[in-house]
Amino acid sequence: MAVIEKFLGRQVSIPDNIHYVPKQGLWARLDDTSIVLGFTDPALVLSGGVNDLNFLVEDGDRVDPGQTVFFAITGKIVYIETPVQGIIRFNDAVRTDPSVINEDPYGNGWLFAVTPPSPAAGVYNGLPDCAAYLESLQNSEGLKNPEGLKGGVSGVCKAVYSGIRMQKIQ
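If you count the sequence shown from 1, you need to add 66 to reach my numbering.
Treat the hints with care, since some could be wrong.
Within a straight-line C-alpha distance of at most 25 Å, the following computed DSS-like cross-link-like pairs (lysine-lysine) qualify [as the list claims (entries may be wrong)]:
1. Lys72 / Lys216
2. Lys142 / Lys89
3. Lys216 / Lys142
4. Lys210 / Lys72
5. Lys89 / Lys72
6. Lys142 / Lys72
7. Lys89 / Lys210
8. Lys142 / Lys210
It is worth saying that the hints were derived from the structure and are not from the lab.
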């Protein structure tokens, strides 16, 4: 298990025994004939956590790589695409209570599973590993702002927050 002690002011964990979809902030694990996917701990910290989900396809639908399958309402709307082709199945637990995602992202908070037409192991092994995901986080706001300071590391945000702090309100 890789741990980043200070990631936007929080400690985050990244399991080293699963694969990732860095662009989407998803983890992936092989589960018999399916690939199970969910949000990573760093993705949840960066987004502020999941408040709600809106599914754009149905359980049992055939999906293609790059197809948007749902959107998550966080501090903004995040569209999630499937990285693999196959038959999709959603986690009923997160349908009824999205807070499970924030509480247990690598366990009960998984989002969806896809059963590919070819052996899942071959498709799964083509996804980036933990080291590649850690590398993808190097330029993220989480590592650029390890203390989680308001205004982050953006020059514009820092200027605005500094300007507000210097104002005297009467």
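Now for the hints, and whether the structure bears them out:
1. Lys72 / Lys216: Measuring from Cα to Cα gives roughly 15 Å; hence the hint holds.
2. Lys142 / Lys89: 16 Å, holds
3. Lys216 / Lys142: 18 Å, holds
4. Lys210 / Lys72: 10 Å, holds
5. Lys89 / Lys72: Since the Cα atoms of Lys89 and Lys72 sit roughly 21 Å apart, the hinted pair holds (cutoff 25 Å).
6. Lys142 / Lys72: Judged against 25 Å, a Cα distance of about 23 Å means the pair holds.
7. Lys89 / Lys210: Roughly 17 Å between the alpha carbons, so the hint for Lys89 and Lys210 holds.
8. Lys142 / Lys210: The hint holds at about 20 Å.
In terms of the numbered hints stated before, the structure departs from none.
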